[in-house]
Amino acid sequence: DHAGRIQLLAKVDKLGEDPYRRFTDLDLGDIIGVHGTLFRTKRGEITCEIEDFVMLAKALRPLPEKYHGLKDKELRYRQRYLDLIANPEVMDVFLSRSRMVEETRTFLKGRGFVEVETPVLQALAGGAAARPFRTHHNALDMDLYLRIALELYLKRLIIGGYDRVYEIGRIFRNEGMDQWHSPEYTMLELYQAYTDVEGMMELTESLVIHLVERVKGTPTIQYQGQEIAFTRSFKRIEMVEAVSTVVGQDVSKADVPALEALIKKHNIEPKPGLGWGGLVAELFEELVQDTLVQPTFVLGHPVEVSPLARRRTSDPRLTDRFELFLAGEEIANAFSELNDPDDQR
Numbered sequence: 014d015h016a017g018r019i020q021l022l023a024k025v026d027k028l029g030e031d032p033y034r035r036f037t038d039l040d041l042g043d044i045i046g047v048h049g050t051l052f053r054t055k056r057g058e059i060t061c062e063i064e065d066f067v068m069l070a071k072a073l074r075p076l077p078e079k080y081h082g083l084k085d086k087e088l089r090y091r092q093r094y095l096d097l098i099a100n101p102e103v104m105d106v107f108l109s110r111s112r113m114v115e116e117t118r119t120f121l122k123g124r125g126f127v128e129v130e131t132p133v134l135q136a137l138a139g140g141a142a143a144r145p146f147r148t149h150h151n152a153l154d155m156d157l158y159l160r161i162a163l164e165l166y167l168k169r170l171i172i173g174g175y176d177r178v179y180e181i182g183r184i185f186r187n188e189g190m191d192q193w194h195s196p197e198y199t200m201l202e203l204y205q206a207y208t209d210v211e212g213m214m215e216l217t218e219s220l221v222i223h224l225v226e227r228v229k230g231t232p233t234i235q236y237q238g239q240e241i242a243f244t245r246s247f248k249r250i251e252m253v254e255a256v257s258t259v260v261g262q263d264v265s266k267a268d269v270p271a272l273e274a275l276i277k278k279h280n281i282e283p284k285p286g287l288g289w290g291g292l293v294a295e296l297f298e299e300l301v302q303d304t305l306v307q308p309t310f311v312l313g314h315p316v317e318v319s320p321l322a323r324r325r326t327s328d329p330r331l332t333d334r335f336e337l338f339l340a341g342e343e344i345a346n347a348f349s350e351l352n353d354p355d356d357q358r
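In case it helps, my numbering puts the sequence shown at residues 14 to 358.
Hint data in this document are derived by calculation from the structure and do not stem from the laboratory. Mixed in with the good hints, there may be bad ones.
[Said to hold, decoys possible] Derived BS3-like pairs (lysine-lysine); straight-line CA-CA distance at most 30 Å:
hint, residue 1, residue 2
1, Lys71, Lys86
2, Lys229, Lys86
3, Lys55, Lys27
[Said to hold, decoys possible] Between beta-carbon pairs, the in silico distance windows are:
hint, residue 1, residue 2, range
4, Tyr90, Pro354, 43 to 51 Å
5, Leu108, Thr208, 30 to 38 Å
6, Glu282, Thr148, 20 to 28 Å
7, Thr326, Phe107, 43 to 51 Å
8, Thr208, Asp14, 26 to 34 Å
9, Leu73, Pro196, 28 to 36 Å
10, Val129, Ile44, 35 to 43 Å
11, Ile44, Lys284, 36 to 44 Å
12, Val106, Gln307, 17 to 25 Å
13, Val269, Pro196, 51 to 59 Å
14, Val129, Asp154, 36 to 44 Å
15, Val106, Leu134, 49 to 57 Å
For each residue, glycine too, the CB sits at the ideal point set by N, CA and C.
Given only the sequences and the hints, what does the whole structure look like? Please build it.
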């Protein structure tokens, strides 16, 4: 069970012939309860000598054969209970996830954040650019949407007087599926008043380091053959400078035709109608992102791809925003909020 494994010893003279026969007829996957005496074998292994046992649950279907395990990916994902039984390392992933959620709450409580729950059914699907799932409320005779983001209600709580709020909740997006995108997933979203992008970077870095140390017990982990170090301070790079280094020219001074030529040169298929900022972001995603193995903050996103972030005073084409990348994937996104209604229009 969850407490560990123990060896059982069944003897016919201890159980009796009929119970012993029933015991030897057990199938792999049967769940039993036993009563007996504990002792140590000559090799020092704790063993229970069975005096009586009872069938708790009978396995009606055979479990995957132990030597080869359960290898069929489709079967593993559709029948997770079999995956958990046949592959103990999967159970460890589930337990680590649970511990991460627990430690996230502990960390944020220590920083003065209040956990809240906001509506899952919403009259308007907002807070992100995504297609929602739609349902119908019979009593009210109106269409509602499963939320695509936690953002809007959390911001209302900030306006209402809370300084620091967060929610760990389910998000639903009626779009494509791949390794990194699911129609239903869990998101942590938090908001803090009276800080800026620098404060959010410190919070994010501290949270990630806390989770790694508490869940893994070490500041370094092995991932796909590479050692990743979660030590202060995480590397910081500017998006425009990173793209400029890779393509060999200063993209901050390039116009749209020049960026389109770079896109074509690198065999990238951009989304139609992109401006300067969108093209810079495309170049970053295709040429830079996969190289960011160690924890790296990427700053200075173009306004065109950051509609809710505050503009930089030094360069109004860019925003006070960051994304945290790890092993080539984005794991966090934050920014100084745009609160100028004229700019937002």
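Hints and how they fare:
Distance restraint check for Lys71 and Lys86: the Cα-Cα separation of roughly 26 Å lies within the 30 Å cut-off, and the hinted pair is therefore satisfied. The hinted pair formed by Lys229 and Lys86 meets the criterion: a straight-line CA distance of about 26 Å does not exceed 30 Å. Between Lys55 and Lys27 the CA atoms are separated by roughly 20 Å; this keeps the pair inside 30 Å, and the hint holds. The hinted window of 43 to 51 Å between Tyr90 and Pro354 holds, with their beta carbons roughly 46 Å apart.
A hinted range of 30 to 38 Å holds for the C-beta pair Leu108 and Thr208, which are about 33 Å apart. For Glu282 and Thr148, the Cβ-Cβ distance of about 35 Å falls outside the hinted range of 20 to 28 Å, so the restraint is violated. Take Thr326 and Phe107: their Cβ atoms lie about 46 Å apart, and the range 43 to 51 Å holds. As the Cβ distance of Thr208 to Asp14 is approximately 46 Å, the hint placing it in 26 to 34 Å is violated.
Range check, Leu73 to Pro196: Cβ separation about 32 Å, and the 28 to 36 Å hint holds. Between Val129 and Ile44 the CB atoms are about 40 Å apart, so this pair conforms to the stated range of 35 to 43 Å. Roughly 54 Å separates the CB atoms of Ile44 and Lys284, a value that falls outside the hinted 36 to 44 Å. Separation of Val106 from Gln307 is about 22 Å and conforms to the stated range, judged on CB atoms against 17 to 25 Å.
Between Val269 and Pro196 the beta carbons are some 35 Å apart, a value that contradicts the proposed interval 51 to 59 Å. For Val129 paired with Asp154, a C-beta distance near 29 Å fails the hint of 36 to 44 Å. Range check, Val106 to Leu134: Cβ separation about 31 Å, and the 49 to 57 Å hint is violated.
Checked against the numbered hints above, the structure breaks hints 6, 8, 11, 13, 14 and 15 and satisfies the rest.
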